[in-house]
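**Student:** Residue strings, one per chain:
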Amino acid sequence: MAQSAFTLERSAPQETALSRLWSWLTTVDHKRIGKLYFFTSLFYLLVGGLLALLIRTQLAVPNNDFLSPDTYNQVFTMHGAVMIFLVVMPLNAAFFNYFVPLLIGARDVAFPRLNAFSYWVFLFGSLLLAASIVLRTAPNAGWFAYANLTNNTFSPGHNLDYYSMGLQVLGISSIASSLNFVVTIINMRAPGMTMMRVPIFAWMTLITSGLLLLALPSFSVGLIELAFDRLFGAVFFEPSAGGDPVLWQHLFWIFGHPEVYILILPAFGYISEILPTFTRKPLFGYPFMVYSGIAIAILGFGVWAHHMFTVGLGTVPNAVFGTTTMLIAIPTGVKIFNWLGTLWGGSIRISTPLLFAVGFLGMFTIGGISGVMHASVPIDYWQTDTYFVVAHFHYVLFGGALFAIFGAIYYWFPKMFGRMLNDKLGQVQFWIMLVGFNLTFFPMHLLGIDGMPRRIYTYTEEMGWATWNLVETIGAYMLGVGVLLMAYNMFTSLRSGQPAPADPWDGRTLEWSIPSPPPVYNFAEVPVVSSRDELWERKLKKQAVPAAVKGGSGEEAEGIHLPPPSIVPMIAAFGLALAGGSMVFKEWILVGIGLAILLFSIIAWSLEPNE
Amino acid sequence: MSHANAAAAHADAHRTSTGLSHNKLLMWTFLASDCMFFGSLIMTYMVYRGRSVTGPYPDEIFNIPFTSVSAAVLLLSSLTMVLALAALQRGKVKVFRVWILATALLGTLFLGGQYYEFTEFSQHGLGLGTNLFGSSFFVLTGIHGTHVGLGIIWLLTLFALSFRGLVRQDNAEKVEIAGLYWHFVDIVWIVIFTFVYLLPY
Numbered sequence: 043m044a045q046s047a048f049t050l051e052r053s054a055p056q057e058t059a060l061s062r063l064w065s066w067l068t069t070v071d072h073k074r075i076g077k078l079y080f081f082t083s084l085f086y087l088l089v090g091g092l093l094a095l096l097i098r099t100q101l102a103v104p105n106n107d108f109l110s111p112d113t114y115n116q117v118f119t120m121h122g123a124v125m126i127f128l129v130v131m132p133l134n135a136a137f138f139n140y141f142v143p144l145l146i147g148a149r150d151v152a153f154p155r156l157n158a159f160s161y162w163v164f165l166f167g168s169l170l171l172a173a174s175i176v177l178r179t180a181p182n183a184g185w186f187a188y189a190n191l192t193n194n195t196f197s198p199g200h201n202l203d204y205y206s207m208g209l210q211v212l213g214i215s216s217i218a219s220s221l222n223f224v225v226t227i228i229n230m231r232a233p234g235m236t237m238m239r240v241p242i243f244a245w246m247t248l249i250t251s252g253l254l255l256l257a258l259p260s261f262s263v264g265l266i267e268l269a270f271d272r273l274f275g276a277v278f279f280e281p282s283a284g285g286d287p288v289l290w291q292h293l294f295w296i297f298g299h300p301e302v303y304i305l306i307l308p309a310f311g312y313i314s315e316i317l318p319t320f321t322r323k324p325l326f327g328y329p330f331m332v333y334s335g336i337a338i339a340i341l342g343f344g345v346w347a348h349h350m351f352t353v354g355l356g357t358v359p360n361a362v363f364g365t366t367t368m369l370i371a372i373p374t375g376v377k378i379f380n381w382l383g384t385l386w387g388g389s390i391r392i393s394t395p396l397l398f399a400v401g402f403l404g405m406f407t408i409g410g411i412s413g414v415m416h417a418s419v420p421i422d423y424w425q426t427d428t429y430f431v432v433a434h435f436h437y438v439l440f441g442g443a444l445f446a447i448f449g450a451i452y453y454w455f456p457k458m459f460g461r462m463l464n465d466k467l468g469q470v471q472f473w474i475m476l477v478g479f480n481l482t483f484f485p486m487h488l489l490g491i492d493g494m495p496r497r498i499y500t501y502t503e504e505m506g507w508a509t510w511n512l513v514e515t516i517g518a519y520m521l522g523v524g525v526l527l528m529a530y531n532m533f534t535s536l537r538s539g540q541p542a543p544a545d546p547w548d549g550r551t552l553e554w555s556i557p558s559p560p561p562v563y564n565f566a567e568v569p570v571v572s573s574r575d576e577l578w579e580r581k582l583k584k585q586a587v588p589a590a591v592k593g594g595s596g597e598e599a600e601g602i603h604l605p606p607p608s609i610v611p612m613i614a615a616f617g618l619a620l621a622g623g624s625m626v627f628k629e630w631i632l633v634g635i636g637l638a639i640l641l642f643s644i645i646a647w648s649l650e651p652n653e
Numbered sequence: 779m780s781h782a783n784a785a786a787a788h789a790d791a792h793r794t795s796t797g798l799s800h801n802k803l804l805m806w807t808f809l810a811s812d813c814m815f816f817g818s819l820i821m822t823y824m825v826y827r828g829r830s831v832t833g834p835y836p837d838e839i840f841n842i843p844f845t846s847v848s849a850a851v852l853l854l855s856s857l858t859m860v861l862a863l864a865a866l867q868r869g870k871v872k873v874f875r876v877w878i879l880a881t882a883l884l885g886t887l888f889l890g891g892q893y894y895e896f897t898e899f900s901q902h903g904l905g906l907g908t909n910l911f912g913s914s915f916f917v918l919t920g921i922h923g924t925h926v927g928l929g930i931i932w933l934l935t936l937f938a939l940s941f942r943g944l945v946r947q948d949n950a951e952k953v954e955i956a957g958l959y960w961h962f963v964d965i966v967w968i969v970i971f972t973f974v975y976l977l978p979y
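If you read the protein sequences in the order shown, they are chains A and B. Here the first sequence stands for residues 43 to 653, where the numbers follow this note's numbering. Here the second sequence stands for residues 779 to 979, where the numbers follow this note's numbering.
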């Protein structure tokens, strides 16, 4: 064992630019992988935001020809795909990676190399999907890619091949990382941390991972069938052969609706960590938060057909799915009231994370209410495919998921990088974004009720939609300013920010008991946990904060067993993405080479000493 | 830190909250996900059952006796898998090698049967794009066959590693986990065989 025990001393001498790059390429440290996810997805946030601004610029005035109809199709499709698969999911993955081990008192995830593999697969898969934007043959059938718009007759270019291959590769990344987090959270909790003492964010990570594992396969199968149709002439979604386009919708939404909870449950986790810290009160109704999270996940599997009310499934299925959809409002409402209960009577400290958390509460509730509205089938008949739906899901995914993520960035950035973000600038950003957000998306309710359809590239003057569309565009640019402010804030903080103490917020959970940024081994001594708010408890009892060690020098790491770095995960990921990417162009030799690289690196992986 | 402490710390690093090893938990979790994967493929087949607009139709080309034999071959490989694990757990590495090789061979025999079946069907005019039956049948059974193929590679790797002393009585769990996967793939075949072949058309 000794020869492979990795210590800091060994990696320290003579750091060159090349060795630093190599150390990132071979890293298996969950914190570094978390940072890689973090910066990659922030980059895609700029890409997705830019696509949104293209949409809003096109729609700012009637009869605009800023974008051609075909480009517009590509832009709105990729805006959705990028924001969902390359921004919100990986930003959540960044926080899963960085903070779940810290929250549960572990030194790493259960499978560090599998974790690195997940990141590299994500990176290469995202490049495959994003390459289509640069080549101007991006997927153009909506992020849901309804059959039979996607067959070779109606979509002869490579557009949908990027979709099927890019998302398939990204799905493998999600499956791998979900397996890892399920095992990590179930199996690597610090002594004394029973399941009912696990911080809510880690709980939501567990539930999200479970959802991904059970929901993604349905989409993978749909993508496989789509790829077989397009590349090998199968007839799965070919109506002339009896193929049923509605089957695609089922396969897609059996994944697609749980996906909504995959995007939002981590947000519930951030809010549940931020609110108690900034109100100095334990989370109100912890068990209810856990059980309602589980209830949402289970119910989330029984509601997919509410995306298909107008398909013509019949009255009985529609009534059933409408009812199950309304049921989800109950556990979600429980959560909202518990957060309000946490705020109630607390000594609230106004700061950027708290503002975003409260902003989340308001915006998510509005989105939730409009969600209950179109859970009602007759109302949905009226609202479906209008801007009302666009308003709804931006309230839950932007005002919900992204606001919570921004809050989490301000909350955890000091721990990740050892520097404080400028709180005043953060508060300015929050207000700009709150106003910009509501200017952009609230009028969409009104336009939707007035009948403005989704996905149209322009509209005429006579429709009377011009004013609100212009307002929305102004709001969207305000959101852009907000995102740039955050980028500026991060940039200046990383260069010259105020150094962050170990515990800047008087935190409750274990990550605040170790230095900012944490040493490579996280906890010099694995903490023994006796309470939900372990750190508060210790501070209250004036117990020694566990493991108060200086980071970086490495002497303390002696004897702590850390996995050695490895390049194999990246090579395996490269092989996988090469095979996927070559499928787009039907380059079968390259597909074979990619699969061979994957197979041999997996065998090398299993032979590599890892303990 | 003294050597004894380091060893204790190392043992501590392998302590898990549930007592179940990480690897075994990973495999169970993966199989849950794979259930949904095969579930979706089988659902596709069932939805499209009887909806092909042109032939050949399943009852025209299925050779039930042949497929029953190859199904029996695959099920038999589950027995040899159990025997391989049992041998290793009792420390009998040589017996383990015999059974694990037998398992891989039975798996290969099954794949050979599938290859023969696919060729037969294509001679009867059933291609991937001929009709819905062709698409859903070949993709479902082909993906199952790929699972069997990966399993064979895994079993042969274990076989080879046993000669380098890397598969032993004290880490027989490696084989147990491969066995979980192998049995799962067999069980999936029972479901496919029942729904695809045996259900009266």
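Hints are not guaranteed to be accurate.
[To be verified] Below, a list of computed lysine to aspartate or glutamate pairs in the DMTMM-like style, where the Cα atoms sit at most 25 Å apart:
no.: 1; chain 1: A; residue 1: K323; chain 2: A; residue 2: E579
no.: 2; chain 1: B; residue 1: K802; chain 2: A; residue 2: E650
no.: 3; chain 1: B; residue 1: K952; chain 2: A; residue 2: E579
[Stated by the list, open to error] Between beta-carbon pairs, the in silico distance windows are:
no.: 4; chain 1: B; residue 1: A850; chain 2: A; residue 2: P495; range: 42 to 50 Å
no.: 5; chain 1: B; residue 1: E838; chain 2: A; residue 2: M238; range: 53 to 61 Å
no.: 6; chain 1: B; residue 1: F896; chain 2: A; residue 2: T99; range: 48 to 56 Å
no.: 7; chain 1: B; residue 1: Q867; chain 2: A; residue 2: P541; range: 53 to 61 Å
no.: 8; chain 1: B; residue 1: Q867; chain 2: A; residue 2: L92; range: 42 to 50 Å
no.: 9; chain 1: A; residue 1: L273; chain 2: B; residue 2: G833; range: 23 to 31 Å
no.: 10; chain 1: A; residue 1: L632; chain 2: B; residue 2: F896; range: 44 to 52 Å
no.: 11; chain 1: B; residue 1: Q867; chain 2: A; residue 2: S389; range: 38 to 46 Å
[To be verified] To give a feel for the contact side, a few chain A residues facing chain B, derived at Cβ under 8 Å:
no.: 12; residue: V89
no.: 13; residue: G91
no.: 14; residue: A152
no.: 15; residue: F153
no.: 16; residue: N190
no.: 17; residue: S262
no.: 18; residue: V263
no.: 19; residue: F270
no.: 20; residue: F278
no.: 21; residue: G284
no.: 22; residue: P287
no.: 23; residue: L293
no.: 24; residue: S334
no.: 25; residue: I613
Worth flagging that the hints you see were computed from the coordinates, not collected in a lab. Since the model is a prediction, treat every value here as computed from it, not as a measurement. Even for Gly, the Cβ is constructed at its ideal location relative to N, Cα and C.
**Student:** Next step is simple, just say for each hint if it's right about the structure.
**Tutor:** Each hint, compared with the structure:
A C-alpha spacing of about 12 Å is found between K323 (chain A) and E579 (chain A), which places the hinted pair at or below 25 Å, so the restraint holds. About 19 Å separates the Cα atoms of K802 (chain B) and E650 (chain A), which keeps this hinted pair within 25 Å; it holds. A distance of roughly 42 Å separates the Cα atoms of K952 (chain B) and E579 (chain A); the hinted pair therefore is violated under the 25 Å criterion. Checked against the hint of 42 to 50 Å, the C-beta distance between A850 (chain B) and P495 (chain A) comes to roughly 57 Å, which is inconsistent with it.
Taking the beta carbon of each, E838 (chain B) and M238 (chain A) are about 59 Å apart, inside 53 to 61 Å as hinted. F896 (chain B) and T99 (chain A) have their C-beta atoms about 53 Å apart, which keeps the hinted 48 to 56 Å range intact. Checked against the hint of 53 to 61 Å, the pair Q867 (chain B) and P541 (chain A) passes, with Cβ atoms roughly 55 Å apart. A C-beta distance of roughly 59 Å is found between Q867 (chain B) and L92 (chain A), which places it outside the suggested range of 42 to 50 Å.
A beta carbon spacing of about 25 Å between L273 (chain A) and G833 (chain B) agrees with the range 23 to 31 Å that was offered as a hint. Look at L632 (chain A) against F896 (chain B): about 25 Å separates their beta carbons, and that is not inside 44 to 52 Å. Restraint check, Q867 (chain B) to S389 (chain A): a C-beta distance of roughly 60 Å breaks the suggested window 38 to 46 Å. Look at V89 (chain A): its Cβ only gets to about 30 Å from chain B, farther than 8 Å, so that hint breaks.
Annotation: interface hint on G91 (chain A) violated; nearest CB of chain B at approximately 33 Å, more than 8 Å. The restraint placing A152 (chain A) at the interface with chain B holds, with a minimum CB-CB distance near 4 Å, inside the 8 Å limit. For F153 (chain A), the shortest C-beta to C-beta distance to chain B is roughly 7 Å, which falls under 8 Å, so the interface hint holds. This hint is violated: N190 (chain A) has a C-beta 14 Å from the nearest C-beta of chain B, more than the 8 Å allowed.
About 6 Å separates the beta-carbon of S262 (chain A) from the nearest beta-carbon of chain B, less than 8 Å, and the hint is met. The beta carbon of V263 (chain A) comes within 4 Å of a beta carbon in chain B, closer than 8 Å, and the hint placing it at the interface holds. Taking 8 Å as the C-beta contact cut-off toward chain B, the hint placing F270 (chain A) at the interface holds, the least distance being around 6 Å. About 5 Å separates the beta-carbon of F278 (chain A) from the nearest beta-carbon of chain B, less than 8 Å, and the hint is met.
Taking 8 Å as the C-beta cut-off, the interface hint given for G284 (chain A) holds, the closest approach to chain B being about 5 Å. For the restraint placing P287 (chain A) at the interface with chain B, the shortest Cβ-Cβ distance is roughly 12 Å, beyond the 8 Å limit, so the hint is violated. Among the interface hints, the one on L293 (chain A) holds; its C-beta lies about 6 Å from the nearest C-beta in chain B, closer than the 8 Å criterion. Taking 8 Å as the C-beta cut-off, the interface hint given for S334 (chain A) is violated, the closest approach to chain B being about 23 Å.
Because the smallest distance between the Cβ of I613 (chain A) and any Cβ of chain B comes to about 18 Å, over 8 Å, the interface hint for this residue is violated.
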